[in-house]
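S.K.: Each chain is listed here by its residues.
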Amino acid sequence: MTALLIRDLRLAMRAGGGFGLGLAFFLLVAVLVPLGVGPEAATLGRIAPGILWVGALLACLLSLDRIFALDYEDGSLELLAAAPIPLEGVVAVKALAHWLVTGLPLTLVAPGLALLLNLPAQGYGWLVLSLALGTPALSVIGAFGAALVVGVKRGGLLLSLLVLPLYVPTLIFGAEVVKRGAAGLEVGAPLALLAAITMGAVALLPFAAAAAVRVNLR
Amino acid sequence: MTALLIRDLRLAMRAGGGFGLGLAFFLLVAVLVPLGVGPEAATLGRIAPGILWVGALLACLLSLDRIFALDYEDGSLELLAAAPIPLEGVVAVKALAHWLVTGLPLTLVAPGLALLLNLPAQGYGWLVLSLALGTPALSVIGAFGAALVVGVKRGGLLLSLLVLPLYVPTLIFGAEVVKRGAAGLEVGAPLALLAAITMGAVALLPFAAAAAVRVNLR
Amino acid sequence: MPAPLFAPAYFGYGWGMEMVVQDLAVARGGVTVLEGVGFALASGRALIVRGPNGVGKTTLLRTLAGLQPVAAGRISLPPDSLTYAAHADGLKAVLTVRENLTFWAEIHGTGAVEGALRAMNMAQLADRRAADLSAGQKRRLGLARLLVTGRTVWLMDEPTVSLDVASVGMFVAMVRAHLAQGGVAVIATHIDLGLEEAEVLDLTPFKARPSLARDGFDEAFA
Amino acid sequence: MPAPLFAPAYFGYGWGMEMVVQDLAVARGGVTVLEGVGFALASGRALIVRGPNGVGKTTLLRTLAGLQPVAAGRISLPPDSLTYAAHADGLKAVLTVRENLTFWAEIHGTGAVEGALRAMNMAQLADRRAADLSAGQKRRLGLARLLVTGRTVWLMDEPTVSLDVASVGMFVAMVRAHLAQGGVAVIATHIDLGLEEAEVLDLTPFKARPSLARDGFDEAFA
Amino acid sequence: MSIWEYANPKKFMQASAWALPWMIGLTVLCLGVGLVWGFFFTPDDYKQGSTVKIIYLHVPAAMMAINAWGMMLVTSLIWIVRRHHVSALAAKAAAPVGLTFTLIALVTGALWGQPMWGTWWAWDPRLTSFLILALFYFGYLALWAAIEDPDTAADLTSILCLVGSVFALLSRYAVNFWNQGLHQGASLSLDKKENVSDVFWVPLVICMVGFVMLFVTLVLMRTRTEIRARRLAALLARERVA
Ligand code: HEM
Ligand SMILES: Nc1ncnc2c1ncn2[C@@H]1O[C@H](COP(=O)(O)OP(=O)(O)OP(=O)(O)O)[C@@H](O)[C@H]1O
Ligand SMILES: Nc1ncnc2c1ncn2[C@@H]1O[C@H](COP(=O)(O)OP(=O)(O)OP(=O)(O)O)[C@@H](O)[C@H]1O
Ligand SMILES: [Mg+2]
Ligand SMILES: [Mg+2]
Numbered sequence: 001m002t003a004l005l006i007r008d009l010r011l012a013m014r015a016g017g018g019f020g021l022g023l024a025f026f027l028l029v030a031v032l033v034p035l036g037v038g039p040e041a042a043t044l045g046r047i048a049p050g051i052l053w054v055g056a057l058l059a060c061l062l063s064l065d066r067i068f069a070l071d072y073e074d075g076s077l078e079l080l081a082a083a084p085i086p087l088e089g090v091v092a093v094k095a096l097a098h099w100l101v102t103g104l105p106l107t108l109v110a111p112g113l114a115l116l117l118n119l120p121a122q123g124y125g126w127l128v129l130s131l132a133l134g135t136p137a138l139s140v141i142g143a144f145g146a147a148l149v150v151g152v153k154r155g156g157l158l159l160s161l162l163v164l165p166l167y168v169p170t171l172i173f174g175a176e177v178v179k180r181g182a183a184g185l186e187v188g189a190p191l192a193l194l195a196a197i198t199m200g201a202v203a204l205l206p207f208a209a210a211a212a213v214r215v216n217l218r
Numbered sequence: 001m002t003a004l005l006i007r008d009l010r011l012a013m014r015a016g017g018g019f020g021l022g023l024a025f026f027l028l029v030a031v032l033v034p035l036g037v038g039p040e041a042a043t044l045g046r047i048a049p050g051i052l053w054v055g056a057l058l059a060c061l062l063s064l065d066r067i068f069a070l071d072y073e074d075g076s077l078e079l080l081a082a083a084p085i086p087l088e089g090v091v092a093v094k095a096l097a098h099w100l101v102t103g104l105p106l107t108l109v110a111p112g113l114a115l116l117l118n119l120p121a122q123g124y125g126w127l128v129l130s131l132a133l134g135t136p137a138l139s140v141i142g143a144f145g146a147a148l149v150v151g152v153k154r155g156g157l158l159l160s161l162l163v164l165p166l167y168v169p170t171l172i173f174g175a176e177v178v179k180r181g182a183a184g185l186e187v188g189a190p191l192a193l194l195a196a197i198t199m200g201a202v203a204l205l206p207f208a209a210a211a212a213v214r215v216n217l218r
Numbered sequence: 001m002p003a004p005l006f007a008p009a010y011f012g013y014g015w016g017m018e019m020v021v022q023d024l025a026v027a028r029g030g031v032t033v034l035e036g037v038g039f040a041l042a043s044g045r046a047l048i049v050r051g052p053n054g055v056g057k058t059t060l061l062r063t064l065a066g067l068q069p070v071a072a073g074r075i076s077l078p079p080d081s082l083t084y085a086a087h088a089d090g091l092k093a094v095l096t097v098r099e100n101l102t103f104w105a106e107i108h109g110t111g112a113v114e115g116a117l118r119a120m121n122m123a124q125l126a127d128r129r130a131a132d133l134s135a136g137q138k139r140r141l142g143l144a145r146l147l148v149t150g151r152t153v154w155l156m157d158e159p160t161v162s163l164d165v166a167s168v169g170m171f172v173a174m175v176r177a178h179l180a181q182g183g184v185a186v187i188a189t190h191i192d193l194g195l196e197e198a199e200v201l202d203l204t205p206f207k208a209r210p211s212l213a214r215d216g217f218d219e220a221f222a
Numbered sequence: 001m002p003a004p005l006f007a008p009a010y011f012g013y014g015w016g017m018e019m020v021v022q023d024l025a026v027a028r029g030g031v032t033v034l035e036g037v038g039f040a041l042a043s044g045r046a047l048i049v050r051g052p053n054g055v056g057k058t059t060l061l062r063t064l065a066g067l068q069p070v071a072a073g074r075i076s077l078p079p080d081s082l083t084y085a086a087h088a089d090g091l092k093a094v095l096t097v098r099e100n101l102t103f104w105a106e107i108h109g110t111g112a113v114e115g116a117l118r119a120m121n122m123a124q125l126a127d128r129r130a131a132d133l134s135a136g137q138k139r140r141l142g143l144a145r146l147l148v149t150g151r152t153v154w155l156m157d158e159p160t161v162s163l164d165v166a167s168v169g170m171f172v173a174m175v176r177a178h179l180a181q182g183g184v185a186v187i188a189t190h191i192d193l194g195l196e197e198a199e200v201l202d203l204t205p206f207k208a209r210p211s212l213a214r215d216g217f218d219e220a221f222a
Numbered sequence: 001m002s003i004w005e006y007a008n009p010k011k012f013m014q015a016s017a018w019a020l021p022w023m024i025g026l027t028v029l030c031l032g033v034g035l036v037w038g039f040f041f042t043p044d045d046y047k048q049g050s051t052v053k054i055i056y057l058h059v060p061a062a063m064m065a066i067n068a069w070g071m072m073l074v075t076s077l078i079w080i081v082r083r084h085h086v087s088a089l090a091a092k093a094a095a096p097v098g099l100t101f102t103l104i105a106l107v108t109g110a111l112w113g114q115p116m117w118g119t120w121w122a123w124d125p126r127l128t129s130f131l132i133l134a135l136f137y138f139g140y141l142a143l144w145a146a147i148e149d150p151d152t153a154a155d156l157t158s159i160l161c162l163v164g165s166v167f168a169l170l171s172r173y174a175v176n177f178w179n180q181g182l183h184q185g186a187s188l189s190l191d192k193k194e195n196v197s198d199v200f201w202v203p204l205v206i207c208m209v210g211f212v213m214l215f216v217t218l219v220l221m222r223t224r225t226e227i228r229a230r231r232l233a234a235l236l237a238r239e240r241v242a
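Chains as they are written, first to last, in my numbering: chain A, 1 to 218; chain B, 1 to 218; chain C, 1 to 222; chain D, 1 to 222; chain E, 1 to 242.
Keep in mind that the hints were calculated from the coordinates and are not lab data. Ideal placement from N, C-alpha and C gives every residue a C-beta, glycine not left out. Among the hints, erroneous ones may be present.
Unchecked claim - Covered by chain B, per the in silico footprint, the following chain D stretches (three or more residues, Cβ under 8 angstroms):
#	stretch
1	47-55
2	67-73
As the list claims (entries may be wrong) - Label-pair distances were calculated between CB atoms; the ranges are:
#	chain 1	residue 1	chain 2	residue 2	range
3	A	L5	C	A173	50 to 60 angstroms
4	A	E88	C	E114	25 to 35 angstroms
5	E	G32	C	A131	47 to 57 angstroms
6	E	W18	D	Q22	34 to 44 angstroms
7	D	I75	A	G89	47 to 57 angstroms
8	A	V168	C	I191	53 to 63 angstroms
Next comes chain A alone, as it looks inside the complex (with noise of 0.2 angstroms):
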């Protein structure tokens, strides 16, 4: 199990493992908006938690399909289903090193970026709070997507149009709260809501995860 993390810590690591590139999508996505819709602060202090969250959500996205197809084409898929280590596990673990490659540090430079995006200031803990409880959602049900189409070649852009609907709860409520953060309403509700959907998506969604990676191998 650590010896599965470590590897793929250390694969994302390494050239070509593309760790900080969500980040940067991320900033692009911030960038992008704003030059497409236009300067004025007050649309985008209004629109940027909708943004935020949506660009956070669109850097994670991209790097799904490193979670299992690479080890898909190379058969350490198979060899890892018939390892002596419940695929279960396998999955939660891949999901949990996409986290740390790419979630947590997307959380940590949010407030950079909504600082482009003239967020207003209230807002900004609420940031980072929905970002931290929200993202661990993405990763596994990123993980979910991608175990469904492990076997297609390429499979980036199919994998986001699965993944996207399921991503739509984390979206709303995350969005909601940052967007009430920010006009200093209460923000308890969409709070809650969002964690319950993490600590489901993350009891649950392994094992279906692991189901589909097996569907796939055979």
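Position chains B, C, D and E with the ligands relative to chain A; hints supplied.
M.R.: Only chains B, C, D and E with the ligands this time, still in chain A's reference frame:
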């Protein structure tokens, strides 16, 4: 040449070829943003041009890595490079194929999504026109980026990092056209600039891309 | 070479265990390719699977490995006892030879890396990235992986591809040592390994008559 | 089999052409692996490259194919005359066998698909998706590709991998026919093809002494 | 004796080894004088207060950030045309330095913007195009990092640098077209303008010179490191085959 075009289109149509997925992604972005930003028609209408263009741009982006990577992995690219057709031509054809599979459909469905984002009525025509003019540039620039990272395994994320900055001018002018069109202002200048960028990219980038492919093959 | 050196600490080994296959039918792409295949392997025995291209060797091995559903018949062998070595070796190009082996050793809870390296004479390549290996060296690494799994039943699909004569010899020696410890090996190959003691199974007679398709789905609709 | 059948309309063939390699040094990963390699092939001749794993066969072939820079020495052969067949066969899994071959035939402006199919006895598999082929069948398809390129110089890296005896025979016959039309073939292999008339080049003596590295950069820096 | 001789790594190492101490000295001198003078011996601006002193970091940094990319463009061209490894490595060495300057300009700018414009960030054309420049730096570095074979990486990054420069310029104008902002124009451009009095002007120029020196020094050092690293890799690979 035509043989190559036909093959690429056929591959795109076959299972896992990812035709139409770009569309679906476009749709998803157009749906997610309102979910994140909130339903106020006024706000949405104001940001619609920008969001639609950013969405089209990302949808285009996600299918880029298929342009060369698949052919590289199975050795086709080496053989094509050795074949009695100029590599520049190969690149151009592949970019064209990508546009036919991605850019063109995006342009056609854009009005439908504009509806979701309540784009002001007089903006529709300009939206279609600007996309029709702009998306070819997206495909060619994308092909260039794909050529740069063709050696990198699963370089999707790196690819987007390289390509998005190159998309900036196209995005700005494209969105500008729609914004002004929707506001009923005159759009001559941005439209002309958009066209100019596309022409330039289509005329010059294939050579740069071919050079990059050659470097990656040796 | 001295067996204990690279024997994965005798992990999971035990005399007398057996692999029994009865009246097995295997299908690929909904088409039954082989049927009525049967054999029994006592521990310490090896089976060489032969047959022309496309007869169904790979399909059979994948089925035995549990990577494909069984179309018909029975396979019985102790749980968690087998490992499968196909063309895809489960190696990470950016990791070094040792890192690759260590990973699999830890996953299987054995620590026989050094021994495995020596067995396949990869010792001096140990710190080379797998990407920088030649085809044959990669293959040798893939075979060394078998040793660190500590499994008793080895299923190998054309293991000697792109190995030179010397390496083939090394491979045979490795298999012999494995058998000597009560292991079992099933090897699909086209060349003559010079592994005389092994039983040989030619699949040609088991070729399925295309007429009948075996797996449930087709049956239901035939 | 009758040569004309699958001869790509004699496209680009011409007697007397030659491939000359002089004092060639090839490098991989910035390290010179072979040096002083030299040979000359008259049209109609074949060269079999031998050597232990990791001596540098693949590197040599890739360099000859122009897929790697030459570290030193000269390679001279007519332009646009060669094609290279490695393990990656440039086949699309989702396309059928015929579609795959037709594509390459059109790219090279030859129309020898049917002949090629027959030559490698793929005729009855012609409408099967490449994904549904067995390892050996895939390989045969990859070799058939050589025929539709209509090139005169064939560079082949371990072409007989996972081919059964019959197919190897077919392959040799195909090479013979190619030579008979004035073609040239360079084959890196570990097994004995039974292609007696071919010259054999063992690379072992050309192994580069690690002391000196050839490519400009190291010189400047060591 | 042409300048190209210094493209030979050995020659370059010797020359740079000789030049470095002087460069370091000059850098420390200029920056020391310029910054101290600027920070402590200039009066507070009547409307900006002491925040005006950020200018001594902000302007030179921003300037060098842009020039660094220009230098990378030149060295990339040299690599493509004349295949001098040192040139390619110099480009590689310059990128992180340029990025750092970019970030310094961004941060100082933001710090300055807060008192001046009442906001940390505004989508002013100059700021925007500068941010895009930062993105180009990121992409360039990421490409270097992603590709193993050094020569391949050098070629590809050079191509990217060429194409990227064109698009960076395009973006600059696109952004101008897109929004006209509140950032200072070339109010301090080298022909000195009336609105800035000499008391600010002189130390600023010294700081600019200092930043140029600093850039050259850092690039020299990093290039030497790159060369050593490259040589080390060559030796290691060689003993691997042995
Ligand atoms: C994040 C915010 C900012 C960024 C990214 C930024 C960026 C830049 C850039 C790129 C330059 C051009 C340097 C050159 O062309 O040589 C520049 C120059 C300058 N900036 Fe800023 N700036 C920012 C904020 C500010 C603020 C708030 C002020 C003060 C009101 C300011 C005052 C100046 C001045 C006076 C110059 C020199 C003008 C010239 O001579 O070209 N900047 N800045
Ligand atoms: N989807 C499919 N539909 C029909 N037949 C298929 C399908 N996929 C594979 N086959 C056939 O199944 C047979 C068994 O393939 P398999 O790979 O097991 O052969 P093999 O013995 O391993 O051959 P080789 O020695 O070349 O590896 C082959 O003849 C192949 O053509
Ligand atoms: N990046 C590298 N650095 C150092 N040595 C390398 C690197 N990449 C490959 N090599 C070595 O170069 C040698 C030549 O490899 P090559 O693939 O040409 O051998 P080969 O003759 O094809 O072997 P095989 O018969 O196994 O295919 C091998 O010994 C390999 O270890
Ligand atoms: Mg097989
Ligand atoms: Mg080889």
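S.K.: If a hint holds in the structure, say so; if it does not, say that too.
M.R.: Here is how each hint holds up against the structure:
Interface restraint, the stretch 47-55 of chain D with chain B: violated (0 residues with C-beta to C-beta distance below 8 angstroms; minimum three). Coverage of the stretch 67-73 of chain D by chain B holds [criterion: at least 3 residues with CB-CB distance below 8 angstroms; count 3]. One distance hint, 50 to 60 angstroms for the beta-carbon pair L5/A and A173/C, is violated here, with the actual separation near 36 angstroms. Separated by about 32 angstroms at the C-beta atoms, E88/A and E114/C satisfy the suggested range of 25 to 35 angstroms.
For the pair G32/E and A131/C, the supplied restraint of 47 to 57 angstroms holds, since their beta-carbon distance comes to about 48 angstroms. Separated by about 43 angstroms at the C-beta atoms, W18/E and Q22/D satisfy the suggested range of 34 to 44 angstroms. Between I75/D and G89/A the Cβ separation comes to about 53 angstroms, which falls inside the hinted range of 47 to 57 angstroms. For the pair V168/A and I191/C, the supplied restraint of 53 to 63 angstroms holds, since their beta-carbon distance comes to about 56 angstroms.
Checked against the numbered hints above, the structure violates hints 1, 3; every other hint is satisfied.
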